[in-house]
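Peer 1: Protein chains in written order, with the numbering used here: chain B, 1 to 434; chain R, 1001 to 1115.
Hints are computed from structural coordinates only; laboratory data are not their basis. Hints may contain errors.
[Stated by the list, open to error] Computed footprint of chain B on chain R, listed as stretches where at least three residues anywhere in the stretch have a Cβ under 8 Å from a Cβ of chain B:
hint, segment
1, 1044-1053
2, 1082-1091
3, 1095-1106
[Claimed, not checked] List of simulated lysine-lysine pairs, BS3-like, C-alpha gap at most 27 Å:
hint, chain 1, residue 1, chain 2, residue 2
4, B, Lys244, B, Lys170
5, R, Lys1113, B, Lys117
6, R, Lys1003, R, Lys1066
7, B, Lys418, B, Lys401
8, R, Lys1066, B, Lys244
9, B, Lys195, R, Lys1113
10, B, Lys170, R, Lys1095
11, B, Lys244, B, Lys413
12, B, Lys413, B, Lys401
13, R, Lys1095, B, Lys244
14, B, Lys244, B, Lys363
15, R, Lys1095, R, Lys1066
16, B, Lys170, B, Lys363
17, B, Lys170, B, Lys344
18, B, Lys418, B, Lys244
[Said to hold, decoys possible] Partner residues are not named here, just some residues of chain R that face chain B (Cβ under 8 Å, in silico):
hint, residue
19, Phe1027
20, Leu1030
21, Thr1034
22, Ser1115
By construction, the Cβ of each residue, glycine as well, lies at the ideal position given by its N, Cα and C atoms.
Listed here are the chains, written in short residue letters.
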Amino acid sequence: MTEFDVDVVVVGAGPAGATAATVLARAGHSVILLERGPFPGSKNMYGGVVYPRILDQLHPQWWEEAPVQRWITRRSTMVLTDDQAVSVDFRSQKWGSAPYNGATAFRPDWDHWLASKAEADGATLVCSTTATGLLRENGQVVGVTTDRPDGDLRARVVIACDGVNSFLAKEAGMYGEVDAANYTVGVKETIALPKEVIDERFGVRGRDGMDIEVLGGTSGVNGGGFVYTNLDTLAVGCVLKLPKLAAQELRPEEIIERFKQHPGIAPLVEGGEVQEYSAHVIPEAGLSMMPQMTGDGILIAGDAAAMCLAAGLWLEGVNFAMASGIYAGEAAVEALASGDASAKGLAGYERRLNDTFVLRDHKRLHRAPEIVLSDRVQHLYPQMIANSVERMFRVDNPTPKPGLIRVLNQERKRAGLKVRHVVRDTLEGLRTFG
Amino acid sequence: MSKISDRWASIAAAGTKETEQWPTRSFEDLIGSTRFDVHERAHIVVDDTVCRDCPSRECIVACPAKLFVPTSDGGILFNYEQCFECGTCYLVCNKEGAISWSYPEGGHGVVFKRS
């Protein structure tokens, strides 16, 4: 009979791992939360906005203690061409008070805080320890090997929250073929600026902040850009589709540099020291790239399970990671209670994912990542939209004002878009976002 | 037709006043802002003999840490030390066996603080 070191080992103390560990510890189980970095969050970066309402039950009044930089009260979706910018700008003061909506936060702060909550509930956090492989017995996963001396860690259930490169899920055979086209790389500069300067440039006060998501501005590489306000820094970066990035000449830092020099972006971000330069790969393709989530003795959550929602209008990930961690934790509690840690005993995980926003949103928006990163949406529509707006607002006296339909049609042609493409894309867009 | 003064003709001919250039910065300065606790063991190993026959060399342009540098004799110089551990290199590389990728020893490698 196998001797176990612990009921459950959770690999990776990111948002998925920390919530899974919390649920298990509260149910009275022994949990080890493994983290390969020197502290939780030290390996993690993201664009910069977290939507934490999924924590309402797990950590009521989370907003009173969460390490937030600013609350997003203003969000702007921007379309850039070489020398034009079109924005849709929204502001709501409702998002500036509890229970809030989105917040900027540094991942080293956020993940550290969330893992400390798991510790407070009784989970054992072990940092600076890399899980190097799986332990198996008769096909069932029964723990992990680590790079600690005599570091085999035997557990009844393994929850792999080991990120986008998940070696554990791959070793468990839960990934199909890995295709670079499903991934983007996010690169970002954290730029220090005085709080007053940020308040003034972005038109916000106190702890209110702004989130700018950008289509275009990435030097022809499919992807997008972003500018987020932290308290006294800005997060400025680009998300770049890997095969497109690899097939051209500009390096990621050069693409950010050009993005920062765009006339629509430069006045917001200029000046200031770069405090940190960072990069991370993003599982961009959503539902179509998700691995098998459940195996005998093992569950996959967070980025390891490709939980990021990269759907253009919605760019989320930490909330999906936290939710999947909670549901993985609950499923493991059930399995331990029934004494069956096989895939069958752990089936509550996928049932929960299917019944909640996690897979409902992903299913509803399963076409979105491909649409958003398609060549037409990336390169042709921005040109058509910006030129049409320019012509509508250009006072071309003595020429009389043009009609909108006529302008749109002419600019569609000029951008190289066929009517059937526009019809197809409109229907596809309505089917996905409608 | 009356003419502009010679003084302004020469000013105009000299072109527009030069606008201020964005300060150029080195990649070393940029990545110097990020902390790395380097371990003596390389967590990524590149088989340069595979790279010599690679016509596309996606890693050189795509690696955000600029760790892959072409050498004058047709090889690739690789340094693991300032690695973000992001995975871009092995994802874009389609040459079997060129890049062996793992994580650094626990507690080592990149340490983000403000990201």
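Peer 1: Are the hints correct? Go through all of them and say.
Peer 2: Outcome of the hint check:
1. 1044-1053: Coverage by chain B is violated for the segment 1044-1053 of chain R (0 residues, Cβ < 8 Å).
2. 1082-1091: holds (count 6)
3. 1095-1106: holds (count 6)
4. Lys244(B) <-> Lys170(B): holds (25 Å)
5. Lys1113(R) <-> Lys117(B): Holds - the C-alpha atoms of Lys117(B) and Lys1113(R) are around 19 Å apart, at most 27 Å.
6. Lys1003(R) <-> Lys1066(R): Violated, because 56 Å separates the two Cα atoms, which is more than 27 Å.
7. Lys418(B) <-> Lys401(B): Holds, because 25 Å separates the two Cα atoms, which is no more than 27 Å.
8. Lys1066(R) <-> Lys244(B): holds (17 Å)
9. Lys195(B) <-> Lys1113(R): holds (19 Å)
10. Lys170(B) <-> Lys1095(R): holds (19 Å)
11. Lys244(B) <-> Lys413(B): holds (25 Å)
12. Lys413(B) <-> Lys401(B): Distance of about 20 Å is within 27 Å: holds.
13. Lys1095(R) <-> Lys244(B): Cα-Cα ~17 Å, so holds.
14. Lys244(B) <-> Lys363(B): holds (26 Å)
15. Lys1095(R) <-> Lys1066(R): holds (19 Å)
16. Lys170(B) <-> Lys363(B): The hint holds at about 23 Å.
17. Lys170(B) <-> Lys344(B): holds (20 Å)
18. Lys418(B) <-> Lys244(B): holds (23 Å)
19. Phe1027: Holds - the Cβ of Phe1027(R) comes within 8 Å of chain B, reaching about 6 Å at its closest.
20. Leu1030: Result: holds, 5 Å to nearest chain B Cβ.
21. Thr1034: Result: holds, 5 Å to nearest chain B Cβ.
22. Ser1115: Holds: closest Cβ of chain B sits about 3 Å from Ser1115(R), inside 8 Å.
In summary, the structure is inconsistent with hints 1 and 6 from the numbered list given earlier, while agreeing with the others.
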